[in-house]
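Enquirer: If you want the building blocks of each chain, they are given just below.
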Amino acid sequence: MSKISEFLDLWGDQIIEAILQTFQMTSIALLISILIGLPLAAFLVLTRQGARLENKYVYGFLNTVINVIRSVPFIILLFFILPFTKFIVGTSIGVKGVIVPLVVYTAPYIARLMESALLEVDRGVLEAYEAMGIPTKKIIWNVLVRESRPAIVLGLTIATIGLIGATAMAGLVGAGGLGDLAYRFGHLRYEADVMYVTVFLLIVLVQGLQTAGNVIAARLRKD
Amino acid sequence: MIKLQNVSKTFVTKKGKVEALKNVSLEVKKGEIFGVIGYSGAGKSTLIRTVNLLEKPSEGTVSVNGTELTKLSPNKLSASRKKIGMIFQGFNLLKTATVYENISIPLRLSGLPKAEIDNRVKKYLSIVGIESKSDSYPSQLSGGQKQRVAIARAIAHEPEILLSDEATSALDPDTTEAILDLLLKINEELGITILLITHEMKVIQKICDRVAVMENGEVVENGSVLDVFTAPRHETTKRFVNSIFHHQLPEALLTKLKETGSIVSLSFVDNTSGEPTLALVSKKFNVFPNILSGTITQLKDVPYGKLIVHLQGDDSEIDRAVEFLEQQHVLVEGVKRNDVKNKRIS
Ligand SMILES: Nc1ncnc2c1ncn2[C@@H]1O[C@H](COP(=O)(O)OP(=O)(O)OP(=O)(O)O)[C@@H](O)[C@H]1O
Ligand SMILES: [Mg+2]
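Protein sequence lines, in the order shown, are assigned to chains A and G. Per UniProt numbering, the very first residue in the first sequence carries number 1; after that it's consecutive. Per UniProt numbering, the very first residue in the second sequence carries number 1; after that it's consecutive.
No wet-lab data here; the hints were simulated from the structure. What you are looking at is a predicted structure, and each value in this text was computed from that prediction instead of being measured. Treat the hints with care, since some could be wrong.
Listing some non-contacts, in silico: residues in chain G with all C-beta distances to chain A over 10 Å [unchecked claim]: (1) S63; (2) R81; (3) T277; (4) E333.
Only pairs whose alpha carbons sit at most 20 Å apart, straight line, appear in this in silico PhoX-like list of lysine-lysine [unchecked claim]: (5) G:K15 with A:K137; (6) A:K138 with G:K95; (7) G:K15 with A:K56; (8) A:K56 with G:K95.
We treat Cβ as the ideally placed atom computed from N, Cα and C, and that holds for glycine.
Make a model of the complete structure from these sequences and hints.
Expert: Here's what the structure looks like:
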């Protein structure tokens, strides 16, 4: 017992701060990535061959850009786009500085995941709504996105977990977080306990997210 | 009401061009049920989809109620589409929405006020007879019930026209009957003009006023159901008409019977009942009619029968008997010798 309180006295504050930093980076980056990724996915689905707004060039361009970005590992991307990051947010360090690479990394991933989610929607249903004279914009949100909510939730769960993994490298630009804590203290200063605790926390976090994602998706699924 | 003029549609695919519609002209009148029948790949779906421009014709014009849809801007087209309901073989309902929502969501997206939406959903659910399923999800419904929801969704917009793309093809015979009855009711009570496509003769037979037969992207025959049934001209039409009569007689028997007379097929329409006329034949002429097979069926509300009869007697007597039958408004068709090979005769 005393050992635990001793540990908490020593590390408690830092762990809590690291958790908050991880949450902060993940949630901000996730939100922005969804805002970029979901419309991208809708574009991909609508411009692909045989779709309503079929357009070889738009589809081909988006498809290539997404593939190119997705081929670069996060740790390389982080440094590779430093000038871009600096241009966008004025700094390349701290939480602010890491959001840009996190978004650049995650948005294309989300676009891919959402694309496959949206493709699950039966084209016949979209056509039925088109036949009722409902404009495409409304169909995208009220039919396409609505019908694929279960798959979207599962996709976002996967993306979030990937994002948490990426935030572990945020320490490299001084943004903190659980990964940074484990690296700086657990690895560099041989504090094995800190390492164990952060790993444990990450496991709990990922498990919790996946379970929540599964439950929500199951609730939304009606067939 | 609906007028297609010289409509052609060519799909360009990697494998080459597919001419799904070739110069099709068709007119559907207000208040009628018009059926288009054809085998798979004939171009029926493509045809019906050009009516609301889900498929843009490569050539020709589509007019609904005097408005040329092919010339409208996207906005105006949306407005016109609201007056054209459509149902499908696959129902095409939202899986994640209840029955109620499946009908209310399109109404909401069309900008109807809330109270009006509620009224309409309830009204049309009751017309199609599934009020009790209001809170169910499509996965909890049978095929027939799903099609009822789809019908309610289509007519809740209070359209003037209903397009039906094989709406009963995925249903069992009893459910098909029930859905056809519902379509008939919608046509008669709500005055909605219906254009339907099908590959099943019983659909045409039961509810259609007029019919067009399609083959290879062309309309090969078209007219009132009665005319087309009683005097089919095109080979495909004949095959469809024969599909509702199952006169399958053993070849050996036919060959044997032909030695002692002729085998003819007699068609009766409306109140011309077959039997008394045949009885008269045997009385008036030296001919013995022998009914080999027969079916009486219904064309919407007209009874229609077909008998395969062996007329035993001398050729001259048979000729006179046939003449007499024709005077009695019975359609007489002889069976040619080489037809016997086909086993199914007409
Ligand atoms: N989007 C498309 N692209 C290319 N070819 C098409 C397309 N839609 C239809 N076709 C072709 O056009 C022809 C007519 O098809 P259509 O679907 O209209 O036939 P159908 O009479 O409805 O047949 P079924 O009874 O099987 O539904 C077919 O040869 C089909 O392969
Ligand atoms: Mg079809």
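Enquirer: Against this structure, judge whether each hint is valid.
Expert: Here is what the structure says about each hint:
Every CB of chain A lies more than 10 Å from the CB of S63 (chain G), the least distance being 17 Å, so the non-interface label holds. Distance check on R81 (chain G): its Cβ comes as close as 3 Å (rounded) to a Cβ of chain A, failing to clear the 10 Å threshold; non-interface status is violated. No beta-carbon of chain A is positioned within 10 Å of the beta-carbon of T277 (chain G); the least distance is around 50 Å. No beta-carbon of chain A comes within 10 Å of the beta-carbon of E333 (chain G); the shortest separation is about 43 Å.
Simply put, K15 (chain G) and K137 (chain A) have alpha-carbon atoms about 33 Å apart, too far for the 20 Å limit, and the pair is violated. Restraint check for K138 (chain A) and K95 (chain G): the C-alpha separation of about 17 Å stays at or below 20 Å, so the hint holds. For the suggested pair K15 (chain G) and K56 (chain A), the alpha carbons sit about 18 Å apart, so the restraint of at most 20 Å is met. With a C-alpha separation of about 30 Å, the suggested pairing of K56 (chain A) with K95 (chain G) is violated against the 20 Å cut-off.
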